[in-house]
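Peer 1: Listed here are the chains, written in short residue letters.
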Amino acid sequence: MTAYALRRILGAIPTLFVIVTLAFFMMRAAPGGPFDSERRLPPEVERNVKAAYDLDKPVVQQYFLYLGKLAHGDLGPSYKNKDFTVTQLIATGLPVSMRLGLCAMTLALLLGTLLGVMAALRQNRWQDYSVMGVAMLGITIPTFVTAPLLTLVFGIYGVSLFGHDFSLPVGGWNGGALANMALPVTVLALPQIAVVSRLMRGSMVEVLRANYIRTARAKGLPVSRIVIRHALRAAVLPLVSYLGPALAAILTGSLIVEQIFGLPGIGRYFIQGALNRDYTLVMGVVICYAALVILLNLLADIVYGILDPKVRLA
Amino acid sequence: MIATGQTLKSSEEVQGRSLWVDARRRLVRNRAAMAGIIILALIAALALLAPLLSPYAYNEVNYDIIACAPNWWPVEAACRAPGHIFGTDSVGRDLFVRVLFGARVSLAVGLVATLVSLLIGVLYGATAGYLGGRTDALMMRVVDILYSLPFVFFVIILMVLFDRNFILLFVAIGAVEWLTMARIVRGQTLSIKQKEFIEAARACGVGPFAIIIRHVIPNVVGPVMVYVTLTVPGVILTESFLSFLGLGIQEPLTSWGVLISDGADQMETAPWMLLFPALFMAVTLFCFNYVGDGLRDALDPKDR
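Note that the protein sequences, when read in sequence, are chains A and B. If you use this note's numbering, the first sequence corresponds to residues 9 to 322, in order. If you use this note's numbering, the second sequence corresponds to residues -5 to 298, in order.
Just chain A, same shape as in the assembly (with noise of 0.2 Å):
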């Protein structure tokens, strides 16, 4: 297993060469720089500047002199906000980012699965079409329509039931407490809740036909227990290998819920970087989310390892 996970972490390498590589071009391919800005520089301060950064050597050149950088780990200062550098940057963003991630991640997974579960055991009936009905509008109804309605109603107009009121915050991050995580958080789960519910239904169906739980069925056990002990454990198989692109889809959802909810996470950082041809910090948050997912993506592969006996991790 170890010698299998550090292949794995090699294999990466590669992956992780061609994306910077690729995208250290594309910025460099186009037109402006990150210098350039409405009142031009005097051109020997201009020339100083880009010479600083190095920006004034060929563009090979400059590649290699990243490359040498990153392979210490150092990924530059970041050339819009000045002081920082990109590694620092990160390092305010990524936690935020992160706990955002995982929470979402964790409601769809449990919630999902739930729902899925639930939907199975009442196949063709009406738990299961509205359970799949209203996963079909989760998946239809993007984030960016979801955020602004959710803060309508919890945080404009204001919702108390039973004489408590429920009003959420509508931005902010206020070092991560509850009430300010609610609505991102659900935003960005929701659609993961509704493709891991059609998930889990669709191998639980298929799971719940297995000769072994008619076995399970016939020396009387309750439902409960078969689902639980018997079905789910194959049942998630499928979810398991959903983890990586749910992982991508929660990240490229964060890009928007961080711009809407006013969170100081990396996604902003990112989009900021882009608008402002902040080479390095845009390098920086793109090589940070590929390790996230190249890593998530050994970690569902260990997992399914684990869960499926049929497979050999070698």
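Careful, some of the hints might be misleading.
Here are the computed distance ranges between Cβ atoms for each label pair [what the hints assert, rightly or not]:
id, chain 1, residue 1, chain 2, residue 2, range
1, B, Ala38, A, Gly81, 47 to 55 Å
2, B, Gly127, A, Gly81, 25 to 33 Å
3, A, Pro230, B, Trp66, 51 to 59 Å
4, A, Met34, B, Ile33, 50 to 58 Å
5, B, Ala39, A, Ile236, 44 to 52 Å
6, B, Ala72, A, Ile17, 41 to 49 Å
7, B, Ala29, A, Arg233, 39 to 47 Å
8, B, Leu273, A, Arg107, 30 to 38 Å
One-sided and incomplete, this derived list gives chain B residues near chain A with beta-carbon spacing under 10 Å [to be verified]:
id, residue
9, Asp16
10, Asp138
11, Val154
12, Gly251
13, Met261
14, Met275
15, Val277
16, Leu279
Keep in mind the hints are simulated off the structure, nothing from the lab. Think of the CB as a built atom: it goes at the ideal place given N, C-alpha and C, for glycine as much as any other residue.
On the provided structure of chain A, position chain B as indicated by the hints.
Peer 2: Okay, now just chain B, sitting in the frame of chain A:
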């Protein structure tokens, strides 16, 4: 057994049912999918006929009726704009026409980008699957590497750098979506190339490229069609996602993403600006998904 000859003889007179006739029959019987097709056709017709359906132009600004509710709006509104059935936007343009023009752009992006992904994915997948061996391993390795790239980020970089080029948007999104298509087609090709008719073609001296084009690709149409109907909504979502971030379609042209983005800004005072584009988009995506599911059931009956 004795009766076999007899039944064979009588069955010769029966009209044969092809896979496609069967599939169409199953599709027609699927109510959700048929409703989806009809609604999609309706939306497409509305989008195409947009200039004829309203006296207003999509870029006709009217500063007298800024963000006014339609006449029938049930909630109290600051102002009303008679004649504008969806109300007006924040510079007084007719929202109905803008939603329909947004439909044009969103549907066009969806279809064109899907076509791009179809073209690349089918050719690539069929070639890899048919040639097999080391070529296949190498080609699919490339797909695997590309798969783990955070592609949306590259599309965003592209859109920022090349100044929100309209054509580039089609190509960039299409270039993201072809990977899954290539995998599906390769898998199908691997099983098809074992069939006798391919062997026959090869025995007749047909070249590999001609076999791929003439014999392999026509036989992967089924799964590809299912995937296409599921790709279109994905592409529409990606486009609106980019437009929402301000990286997609530029004013005065519009798309559902742009309209939703504008609407989200104004939703407290003018909720209709969010409601109508969001509704159109959700219904369209809904329909595409149901049609895709219906097609899958129709073409692959054992999956039901």
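Peer 1: Hint numbers the structure violates, sorted upward?
Peer 2: The structure conflicts with hints 2, 4, 6 and 9, although it agrees with all the remaining ones.
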